[in-house]
Amino acid sequence: MSVNTKDIVYHRPRLLTDNNMHYCPGCSHAAIHKILADVLSDMNLADNVIGIGSVGCSVFIYNYIDIDWIEAAHGRAPAVATAVSRLNPQKLVFTYQGDGDMASIGTTEIIHAANRGENITVIFINNSVYGMTGGQMAPTTPLGMKTVTCPDGRNVEQNGYPLPITDLLTRLPGTCFVSREAVTTYKHVLHAKKALRKAFQNTLEKRGTSVVEFVATCCSGWKMSPVEANEWLNTRMKQMKMGRLK
Amino acid sequence: MNMHNTLFRDVHSAALRTVHAMLQKGQVTIDAERCKGCGLCVHTCPAQSLTLSQMVNSRGYVHSEQRFANRCIGCASCALICPDACITVSRRGHIPHHAMQHDSLWNNKLA
Ligand SMILES: Cc1ncc(C[n+]2csc(CCOP(=O)(O)OP(=O)(O)O)c2C)c(N)n1
Ligand code: SF4
Ligand code: SF4
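Chains as they are written, first to last, in our numbering: chain A, 1 to 246; chain B, 1 to 111.
The shape of chain A in the complex, shown without the other chains (with noise of 0.2 Å):
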């Protein structure tokens, strides 16, 4: 059956290249990546806007958005944001990081970028571990999770307490807009677009530094299947105040 394109109801957003991406089956990365893709082009931003890649396992997202992109330093996303949005206040200015990346080796760099409320998207991606690396503990891993460093579960006497980057960050003045969302359920989905045209239309008016906070898998890294990963994701989203949080 043919289809009439006047009916289509969902496609591959334009953004998005033809690579297939190298994440792993399920990973949360992709499923973000494509809602980003989708935000930009329905905010019509593609021309207008400078991304900034970190290290991790998303570190070839140049190859998958087609957009311009910088590749930062491991951890310094912010740092090179900074000068990006100050050289050319036309453009949206985001980064996209990881846990270790934002919340472990760069944390120096997103505290003062968001001290400094430079203008700037940043989109973090918790997903609780080292991904890229093979999976091990990262400052955000939860309170009892095993991960390859810590076989038994994290705990507080050998390894201290979870890093509650996204929270500090919203008690900062130079944050105009902190939320916190994921990719685990259609209804997310939905949601998290919504907050992500929320934070690039906060950084357009030049408002300050806006946080998107994706709670996110690793299957690999978790060694669960993806349906498991978010099955168990969605439980623990329970615990969690999701949605805005400034």
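What the hints contain is simulated information worked out from the structure, not anything from laboratory work.
Be careful, since some hints might not be right.
Below, simulated DSS-like cross-link-like pairs (lysine-lysine); rule was C-alpha separation at most 25 Å, straight line [what the hints assert, rightly or not]:
1. A:Lys198 - A:Lys146
2. A:Lys194 - A:Lys238
3. B:Lys25 - A:Lys187
4. A:Lys6 - B:Lys25
5. A:Lys223 - A:Lys238
6. A:Lys91 - A:Lys246
Pulled a few chain A residues facing chain B out of the computed Cβ check, cut under 8 Å [said to hold, decoys possible]:
7. Val9
8. Tyr10
9. His11
10. Arg12
11. Pro13
12. Leu16
13. Asn20
14. Gly26
15. Cys27
16. Ala30
17. Ala31
18. Thr185
19. Tyr186
20. Pro226
21. Asn230
None of the values given here were measured: they were computed from a predicted structure.
Note that the Cβ used here is the ideal one computed from N, Cα and C, for glycine as well.
Fit chain B with the ligands to the given chain A structure using the hints.
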């Protein structure tokens, strides 16, 4: 008697198939070569319209397929959840409410 039964069954199921096809609300096209068989669409589909195939694609992944097309309600849940954007959904009838709220679902940029 037996022959009558079979005949009845055949006519009956052909009629059912036609009714089902008429009631079918949505249709899904899956890019099997891009699919990695994560199974999230199969799990999320409210109408149990999708399954994972017995076949693998050229990259060695089993892929999702729409085995029970006539159950599809065109809600696009599968396409929204698909990480690798392999799914296109088209409608054959009304569009569910949540799909209408979703800009890119609605503003057809292919045209
Ligand atoms: C300066 C520096 N230190 C360490 C590394 C090794 N390294 C690569 S990726 C990574 C962690 C990435 O984790 P995360 O940001 O959570 O991204 P994910 O892979 O989970 O998406 C580390 C430590 C590096 N590439 N550069
Ligand atoms: S290792 Fe984890 S974060 Fe990296 S691609 Fe695989 S599932 Fe995604
Ligand atoms: S559009 Fe909805 S009903 Fe149809 S296959 Fe996808 S999830 Fe199932």
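- Taking the least C-beta to C-beta distance, is A:Tyr186 closer than 8 Å to chain B? Holds, because the Cβ-Cβ distance from A:Tyr186 to chain B comes to roughly 4 Å (cut-off 8 Å).
- Message: Take the shortest C-beta to C-beta distance between A:Thr185 and chain B; is it under 8 Å?
- Response: Hint on A:Thr185: holds, closest Cβ of chain B at ~7 Å, below 8 Å.
- Is the hint on A:Pro226 kept, meaning its closest Cβ partner in chain B is under 8 Å away? holds (4 Å)
- Message: The hint names A:Asn230 as touching chain B; please verify it with the least Cβ-Cβ distance against 8 Å.
- Response: A:Asn230 check passes; min Cβ-Cβ to chain B is 7 Å, inside 8 Å.
- Per the CB criterion, is A:Gly26 less than 8 Å away from chain B? holds (3 Å)
- Given the hint that A:Lys223 pairs with A:Lys238, does the C-alpha gap stay at or below 25 Å? Judged against 25 Å, a Cα distance of about 22 Å means the pair holds.
- Report holds or violated for the interface hint on A:Cys27, using the least CB-CB distance to chain B and a cut-off of 8 Å. Since chain B brings a Cβ to about 6 Å from A:Cys27, closer than 8 Å, the hint holds.
- Does the alpha-carbon distance linking A:Lys194 and A:Lys238 stay inside the 25 Å limit? The hint holds at about 20 Å.
- Query: Do the numbers back the hint for A:Leu16, that is, is its least Cβ distance to chain B under 8 Å?
  - Reply: holds (6 Å)
- Can the restraint linking A:Lys198 and A:Lys146 be considered satisfied, given a maximum Cα separation of 25 Å? Violated, because 35 Å separates the two Cα atoms, which is more than 25 Å.
- Task: Closer than 8 Å between Cβ atoms is the bar; does A:Pro13 clear it against chain B? Give me holds or violated.
- Result: Since chain B brings a Cβ to about 6 Å from A:Pro13, closer than 8 Å, the hint holds.
- Message: Let's test the interface hint: is any C-beta of chain B closer than 8 Å to that of A:Arg12?
- Response: Hint on A:Arg12: holds, closest Cβ of chain B at ~4 Å, below 8 Å.
In this structure, only the earlier hint numbered 1 is contradicted, and the remaining ones agree with it.
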